[in-house]
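Enquirer: As a plain string of letters, each chain reads:
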Amino acid sequence: MKLNIKKLLALLIVSLLVLVGCGSNGGDTPSGENGDEKYLIYLITMDQMDQHWVNLSKGAEAAANELGNVEFKWVAPDVKDDAKQIEAINNAISAGADAILLAANGPDAVTSALQEAQAEGIKILYVDSPANFPAEQTLATDNKAAGKTAGEELIAALTAKGVTEGDIGIISTNPSTDSTNNRIAGFLEAFEGTGYTVLEPQYRDGDPVRSQDAAQNFLTSGVVGLFGANEGSTVGVGNAIAAESSEVIAVGFDYSDNIKELLLDGTLLASMVQNPEVMGSEGIKSAVKILKGETLDVEVFDTGVTVTTKENAQ
Amino acid sequence: MGYIKNSIHRIRNTRGIGQVITVTFGLVIMLIAFSFINPVFFSQRNVNNLLRQIAPILLIGIGQSYVLITGNIDLSIGSVIGMSAMVSATLMSHNVAPIVAMLVALSGALFIGFLNGFLVVKGKLPPFIATLGTMTIARGIAQIVNGNYNTNSIGEHAQGFREFFYYGKTFGIYNTVVIAIVVWFIFNFVLRRTRIGRYIYAIGSNVEASRLSGINVLSTTVVVYVVSALCASLVGFIQVGSAGMGAMDAGNGYEMFAVAASVIGGVSTLGGQGLLVGTVIGAAIWAVLENGLQFAGAPIAIRNIVIGIIVIVSVLLDVVLRRRTTKASIKN
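Protein chains in written order, with our numbering: chain P, 1 to 314; chain R, 315 to 646.
No lab work stands behind these hints: they were computed from the structure. Where a beta carbon is used, it is the ideal one built from N, C-alpha and C, also for glycine. A portion of the hints provided could be inaccurate.
[Stated by the list, open to error] Examples of chain R residues lying across from chain P (beta carbon under 7 Å, computed): (1) 557; (2) 559; (3) 622.
Construct the entire structure; sequences and hints are all you get.
Expert: The following block contains the structure:
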């Protein structure tokens with residue numbers, strides 16, 4: 001038995017050495033022979049499947065083609081995974097990237113990989129989701145501002161209908177998600193000083209079915225307006241209203257096939273849709289600016305939301 | 315007269331009835347309190363909705379109670395819900411007939427149930443581990459079946475499916491509730507009045523003694539896990555019916571709702587004890603709290619804290635009461 005453990009240890013050490021050897025070899029790959037003309041910019045997203053990332057990459061690619069002096073590459077893990085995203089960053093470093101646009105999977109996991117990238121002189125910009133590491137710029141949706149827009153849309157529609165008071169219900173994911181909390185904070189801000197009462201938000205983990213139950217309860221209690229703070233919550237809100245053929249006005253967040261249907265048949269008034277293409281295209285433009293030695297005007301670039309309704313749903 | 319006395323005696327001597335009575339009182343107090351806080355709570359409309367909100371918790375509670383009574387646990391319930399939902403919704407969104415989609419999803423779910431029972435008895439895996447494994451596998455299947463996306467709408471051709479599982483009514487009661495009631499009656503009968511029901515209790519009380527007295531532990535355990543998977547699969551269909559789509563996260567965490575409903579209702583996690591009547595009360599308490607606290611305007615944290623307290627107190631009460639009766643009977 002003892003012998004076996006010794007053998008195992010030896011094997012482990014040998015394989016570790018081999019791995020380390022490979023790693024340092026990889027790091028020595030020649031980099032950036034054409035530093036002044038064509039910039040090599042990497043986009044690293046959380047995965048490659050989500051339509052959101054596909055759109056982000058399309059925006060970036062369009063900007064890269066437009067500028068002409070950019071070689072653009074999109075890489076991402078097959079599934080959301082911290083370790084795989086770190087690998088992707090390391091690969092970009094060894095490929096000699098000039099800049100990285102990163103949608104960080106988590107705020108902390110990638111920081112040491114980013115440190116390494118920065119030490120190599122690579123410029124880092126965040127798109128969609130920042131990490132806890134200083135970067136040139138963050139291009140993302142300002143969730144608070146977007147939530148406020150949602151609130152304003154709802155107030156405008158209610159006022160147009162002649163409803164100036166009553167209860168408003170909110171369905172959200174869970175109390176520990178920053179993005180949805182900020183959306184709710186903005187939404188509440190829009191309702192300050194109005195005659196409406198916003199009820200305690202209901203958290204159903206973005207599960208469309210449980211969100212529907214909660215929305216149903218709100219309808220029973222006689223709310224005049226509803227807000228879904230993410231995709232699943234919005235689908236739940238829409239399904240509850242459709243099931244009861246209710247006249248209650250509702251706004252939501254995000255976009256999917258199901259939300260599109262609910263917008264088109266008039267169940268939902270509007271949904272706040274993020275602009276990943278803008279994140280991509282503006283991200284590339286900002287990166288090139290920095291690489292040329294120019295300074296950026298803002299540290300945080302709000303890519304805004306598109307208020308999507310029956311008229312512009314596609 | 316003697317008949318009534320006899321039946322009261324029989325009810326009092328049913329193992330586990332004590333906790334059922336205690337939590338029923340708790341439920342009644344809760345109902346009264348909520349209707350005072352907000353009269354809408356007892357409106358016809360909310361009662362209908364509330365019953366429909368209880369139904370899925372009751373269904374998975376029945377399955378989990380079966381498993382718990384044999385002294386095992388099923389952690390795969392939530393994922394089986396997700397898998398059934400995603401498999402059936404994916405097929406329906408590609409224009410497969412709902413009945414075919416259901417059968418495919420159901421056979422997948424039942425296979426997971428079979429695997430659970432087989433691994434626990436033949437593989438001698440601790441049920442916690444075996445079902446943790448199948449939980450992860452089933453969730454993975456739920457994610458991969460539509461290429462890591464939630465499904466699109468299941469379409470017009472599945473309107474009947476949606477009516478059957480969620481939106482339709484039978485005798486003025488939502489079909490979801492009717493399904494739960496029918497399933498409850500069947501499995502309550504099986505548990506209380508059939509041989510296999512007796513075996514389920516016996517295995518939970520003492521698995522070795524059961525084996526030695528000739529009970530087929532493997533087939534009985536497989537049956538309870540298959541029942542649990544069947545119930546979970548039905549909840550998956552209800553969810554697809556309600557949302558009109560399949561969500562990869564569907565049913566996430568539901569296995570613990572099922573444990574809570576069973577345990578609050580007096581089902582012992584150590585096995586050998588529990589009544590499906592109790593599971594009804596446990597499921598009702600869970601759903602009434604979620605519904606009632608929303609009407610009362612309380613933050614979600616309150617629900618979580620209250621549920622936690624109820625789980626602990628209801629089981630603690632039972633333990634204390636049982637210790638007393640045991641002492642009393644020893645004295646006698």
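Enquirer: A separate judgement is required for each hint: does it hold in the structure or not?
Expert: Verification of the hints:
Proximity of residue 557(R) to chain P holds as hinted, the smallest CB-CB distance being about 4 Å (cut-off 7 Å). Proximity of residue 559(R) to chain P holds as hinted, the smallest CB-CB distance being about 5 Å (cut-off 7 Å). At about 16 Å, the closest approach between the beta carbon of residue 622(R) and any beta carbon in chain P exceeds 7 Å, and the interface hint on this residue is violated.
Going through the hint list in order, the structure does not satisfy hint 3, though it satisfies all others.
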